[in-house]
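Chemist: For reference, the chains in residue letters:
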Amino acid sequence: MTTTPTIALGDAHVGFRGRITALDLARAPAVGLPPPELERRLIELGFVEGAMVELLHQGLFGGDPIAVRVAATTIALRRREAMAVMVTDQS
Amino acid sequence: MNAAVELAPVVALVGNPNCGKTALFNALTGSRQKVANYPGVTVEKKVGRLTTPAGRSIEIVDLPGTYSLRARSPDEEITRDAVLGRLATERAPDLIVCVADASNLRLALRLALELKQVGRPVMMSLNMMDIARKRGIEIDVEALERDLGIPVVGSIAVRRGGIDALLAALDTRLAANPTASASEWRAPDATALRGSQREADRVLGAAIRKAGHLDPGTAKADAVLLHPVAGLLILLAILFVMFQAVFAWASPLMEAISEAFTWLGALVGEAPLPELVRSFLKDGLIAGVGSVIVFLPQIVILFFFILLLEDLGYMARAAFLMDRIMGGAGLHGRAFIPLLSSFACAIPGIMSTRVIDDRRDRLTTILVAPLMTCSARIPVYTLIISAFIPEREVWGFIGLQGLVMFGLYAAGIAGALTVSFVAKRLFWRTTAGEPFMLELPDYKIPQARSLVFGVWSRALAFLKRAGTTILAMMILIWALASFPQPPEGATDPAIDYSLAAKIGHAIEPVTMPLGFNWQINVALIPGMAAREVAVGALGTIYAVDGGEEASEKIGRILADQWPLATALALLAWYVFAPQCASTLAVIRRETGGWKWVAVTFFYMLALAYAAALATYQIARALGAG
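Just so you know, the protein sequences line up as chains A and V, in that order.
Going left to right, the first sequence walks through residues 107 to 197 as this note's numbering numbers them.
Going left to right, the second sequence walks through residues -1 to 623 as this note's numbering numbers them.
By construction, these hints were calculated from the structure, which means they are not laboratory data.
As the structure is a computational prediction, the values presented were derived from the model and not from experiment.
In this text, a Cβ means the ideal position worked out from N, Cα and C, and glycines have one as well.
Among the hints, a few may not be true.
Covered stretches of chain V (in silico footprint by chain A; criterion: 3 or more residues with CB under 8 Å from a CB of chain A, positions within the stretch not fixed) [said to hold, decoys possible]:
no.	stretch
1	57 to 69
2	218 to 232
3	316 to 328
4	445 to 457
This is chain A alone, in the form it adopts within the complex (with noise of 0.2 Å):
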């Protein structure tokens, strides 16, 4: 069995289905937050490890911001806050 290598969802294309491993803050060092409320807000909005999301949409200029389902709801955030979410693919 292979594993699955593991991304930031700030990298992830459209499509992407996959499923939380780990909250990664040192990775969105530039949002103008400190990590433990950023991390705080991902949590809340229900980015919590072992939960499935998928790249739903994403916007004309580099691709950002990006909708993500996660669980049953629909979250809108930037790439750059993003990339501190890891997931591995689950398609």
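Given chain A, work out where chain V should sit, using these hints.
Modeler: Chain V in isolation, oriented as in the chain A frame:
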């Protein structure tokens, strides 16, 4: 027992944004609701009364939507403090109703677990049960009650009888005379949040008998509406219609209102009263009230569209589509609608900045909204352009007059983007702003009742809040233009003897480098009431009789008396100048103090001065003096 002195129990509605909490509030209270502000902050306070089937009188409070009691915005702070009973002016809730969208329970369950820690009686209302059922979602309510440890009832806010079960449950709960225990709530850290979300996921897993499917309509609509190219084009089309409506539909109503006030003014003008009283009633009071009420049609139409798009679930999508474009200038995606609205009038534009959650982003938007070319500038622009700019074509097909008009609009937009870019760095000292993170709710069909209540309460709030301050400013401006009174047998227009004229003369040395003579300075003072009033004031000063062709006559006189450089400088001045007392009054209301009024006033004044100075001096150097 004396029932009269017994206060009605307070029931607080708490829930995630988009959970249908407001629809539930409307269904519970109907027209017995009022919207006010919490003291000292600009957070809307929505309270209503209802009588339960058992005859119990209840006070219902609709608290701002939130994902957590860990407040991140002024709105969420109110929710937290109200729930914890920390607001000095408000009674603590006797019962908390956690409102949850039955088709989107996950985040609501986590909030419910947090609410339980507060120690006050809590129950859950599963809203939009009909939508969940339609999607094949089956919820085991008993399992949910057992695992959450609080009573849970289903409700359908939009249907007659859809809240009967909730009303009965409120009766049962309040009859048990529940008491609060000490709060165990502390702002959760990431570990605690993670733990409570895991617990919520476990509760959800046990309570969902059938997961159902996601809303197919939303997926289909988003395939088009969030398409990178088509989505943007559709947004532009929607905005075009909205803009058109605010401009075109409102104008007959605005004309009717303004005619009615002119008629009323004329009526008073003929009344057998002392001259000063007559002038106060006609030019101060009636003209002042009229200049406020005239904005009402635009505000009603604009808020109708904003609330419609919000209720549809489209507003979050518009922010998604515009985020990158606005972000370049340091503005939030949600700033787009308020700024666009400001092309009609900055007042509804500034009022609609409430859709922006973050305080800094909201202040930046309020700061730059008056730079958008509003409709009140059009009469001034038209007068000067038609008097000074020759009616000819450049490059064979573009009218020069139209080109100048376009240039003035473009200058306003460029100014707004530059100011927001600078403000972001100067005031907030951040390069990376607040993150853009928001839920894209499923599309829903808006309820007419909810829309009507929403528009009505905003119209009322505008009249009440802005009316008092704006009226006071109007009266002040009238007094400046009326006192002291002209001496017996004076031949010049009365305004020439007033304080306004003295100010106009006094500041002439300051405005000389801009090419403004004292007559222009004087016209700028009544022009503070509303920009277009400056046109009439110029007419008064140059002693032009009123009537149909008044503005044409003024134009001819101005063309004789002013050099081109002065006219161009005045145009540049009007692009930036804080020439509107009503806007300043609304900024005071919306920011809760004079500080941001002062910031807006002085930065705009500085920009206007610099722009007019540069324009005049360059134009003179090029031989237009």
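Chemist: So, for every hint listed, does it hold in this structure?
Modeler: Now the hints, each set against the structure:
Residue count for the stretch 57 to 69 of chain V with a Cβ under 8 Å from a Cβ of chain A: 3. That meets the three needed, and the coverage hint holds. As drawn, the stretch 218 to 232 of chain V meets chain A at 6 residues by the rule of a beta-carbon pair under 8 Å; at three or more, the given contact holds. Here the stretch 316 to 328 of chain V counts 6 residues with a CB under 8 Å from a CB of chain A, which clears the bar of 3, and the coverage holds. With 0 residues having a Cβ less than 8 Å from any Cβ of chain A, the stretch 445 to 457 of chain V misses the three-residue criterion, and the hint is violated.
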